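Please put together the full structure from these sequences, using the hints given.
Those protein sequences? They're chains V and G, same order as listed.
Once you know that position 86 of the first sequence is 85 in numbering that gives the first Met the number 0, the rest is easy, because the numbers rise by one and skip nothing.
Once you know that position 290 of the second sequence is 289 in numbering that gives the first Met the number 0, the rest is easy, because the numbers rise by one and skip nothing.
No lab work stands behind these hints, which were simulated from the structure alone.
Heads up, a few of these hints could be off.
Which stretches of chain G does chain V cover? Using the computed rule of at least three CB atoms under 8 Å from a CB of chain V, they are [stated by the list, open to error]:
id : segment
1  : 10–22
2  : 194–206
Within a straight-line C-alpha distance of at most 27 Å, the following computed DSSO-like cross-link-like pairs (lysine-lysine) qualify [what the hints assert, rightly or not]:
id : chain 1 : residue 1 : chain 2 : residue 2
3  : V       : K142      : V       : K78
4  : V       : K78       : G       : K355
5  : V       : K212      : V       : K86
6  : V       : K86       : V       : K132
7  : V       : K142      : G       : K19
8  : V       : K114      : V       : K142
9  : V       : K2        : V       : K86
10 : V       : K86       : G       : K19
11 : V       : K2        : V       : K223
12 : G       : K1        : G       : K355
13 : G       : K193      : V       : K86
14 : V       : K78       : G       : K356
15 : G       : K193      : G       : K1
16 : V       : K212      : V       : K223
17 : G       : K193      : G       : K44
18 : G       : K1        : V       : K114
19 : G       : K1        : V       : K132
20 : V       : K142      : V       : K2
21 : G       : K1        : V       : K156
22 : V       : K142      : G       : K355
23 : G       : K356      : V       : K86
24 : V       : K78       : G       : K193
25 : V       : K114      : V       : K156
26 : V       : K78       : G       : K1
27 : V       : K132      : G       : K19
28 : V       : K156      : V       : K212
29 : G       : K193      : V       : K132
30 : G       : K328      : G       : K44
None of the values given here were measured: they were computed from a predicted structure.
Don't be surprised by glycine CBs; every beta carbon is placed ideally from N, CA and C.
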Amino acid sequence: MQKDIVIQVNNLTKCFGDFTAVDTISFEVYRGEVFGFLGANGAGKTTAMRMLCGLSTPTSGEAAIAGYDVYRQTENIKKSIGYMSQKFSLYEDLTVAENIKLFGGIYGLTNQEIKEKSAQLTGRLYMNDQRHKMVGSLPLGWKQKLAFSIAIIHQPKIVFLDEPTGGVDPVTRRQFWNLIYDAAAQGITVFITTHYMDEAEYCNRISMMVDGKIKALDSPSNLKRQFSSGSMYEVFLRLARGAQRTSD
Amino acid sequence: MKQLATFIRKEFYHMFRDRKTLLILFGLPIAQILLFGFALTNEIKNSRIVVCDYAKCGISRQLTEKFAANNNFIVEEALLSHHQIEDAFRSGRIKLAVVFPLDFEDDYQHLNQAHVQLIADATDPNTANMLTAYATNIIMEYQNLSLPYQINTETRMIYNPELKGAINFVPGVMALVLMLVCVMMTSASIVREKEYGTMEVLLVSPLNPFMLIISKAIPYLLLSLVNLIVIILLSITLLGVPVNGSLLLLFLISILFIITALSLGLLISNVAQTQQTAILVSLIGLMVPTILFTGFTFPLENMPVVLQWLANIVPAKWYYTIVKSIMIKGLGFGAIWKETLVLAVMTCLLLMISFKKFKVRLE
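Given below as structure tokens:
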């Protein structure tokens, strides 16, 4: 794999008062990689991710997203990334087509581009019949696949997924991961947080966060070897056992 | 520009798909105008009165006819003794008695001065006051028109010679409806995005937060203007309250007030985390002061000084004063520039605070 660095993080820290949510983390993510960002509830995953998206200003440290600085170039960062939050993030009272049009418009796509993307997207998701249905009436799994497809509608360099598969059955989750691999194959870097350890196995590399610090970072197979565990679940338990913070 | 248009269209979708809220928004001004105009009016119609004409001269006849023609009164003519009048009051059959004494004609011919006795049932002092005022008014009007001499009276009703209640209420309802629609709906619609998590997605997108606010504001601005037109049309056609001053000026001032309300809504949306909170804060924090402190339900002059000061920070008070001046007194900008200035300064301050507070980054 070509080692183009798209996310560069150095000693990034975020404090809320005297509580250090993210404690001097450093890592790199390469282009086209599926990077898993794991940790228990309250470990600081979401806070770290928000800093990378430009939603929250770091207390100290450095980070560059697609070459742009998180302190000064947030506007450029916003154009280069896609984002899907753990809360479902489409408008339920708009139809599938209207949601696509809205987000296409926000990311500055032309009408022609939106039309093409829209047809392509609903085709790939087998949702041509649902185009004019309200998003609120779709099953959760469909909504999430749709939300992901819309998050990458503008071909961002990186897409951030914050626990995207919560509450979805394993079959749909598998389909969701196929979409993720498709995106990665197109050169979109995928940065994903998750609770599901089976999903961790699907990532190229994963980082394990405990109490605001990154305790381990490698490919799933290397991590299993390093901790002489049979599964990612065991690796996670070994690391998380040392945690001081209780889940929130 | 295209982004803005896309976004405004989205807001209209939200608005028109939420049928129940839409119904409330358009039904509200109509209901309020009808309620305040007819049901909650402090105007008194069709009160039974008795006219005891002992004088039986030309003038007393004509006056009796005037009373009968007025739609505030249902006149019964009878020559009742004082005793009988008292009985009529006690039974509640009449609210007011008008007595032309025997020497009525004599007095005005020789002394240039005559008395008409008005006896009112003062168990309800407000009603009594109103009725005597109506009656005095009828007499005064008649005398000014057809008699060669003048009698001075204490009663003087300017701007609202017919004591129409609706004249006071229409500007009040305008202030109330604009406040409600703009503050509550904008704050709720912004907070809804927070609740649903779509705000996060919007903040991560390259969409300018300023644009986000503008696109939230424009649909409600338009909606409020439609409401305003409905209120004015209803008040002209149904209540007979005309717009005496410049319609253009009225609309310009209303747009200023709508912007004040929108910025208040924005401010609330910064604080509130749920739609319920936003709506509650708007209702209690703004509706109640608007009703209490604008002066259309309770006269401000009668309030303690502290409350009068407090009323000065309620934007609706200033808007109400301006609308009354334009609509009813027919005054121009020269007469209202002070109030307009106060409103404008308030708006600027509120806008500044809310833009500053609007969180571009989540914390």
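### Task
Give me the numbers of the hints this structure contradicts, sorted from smallest to largest.
Per hint list: 9, 17, 20, 22 violated.
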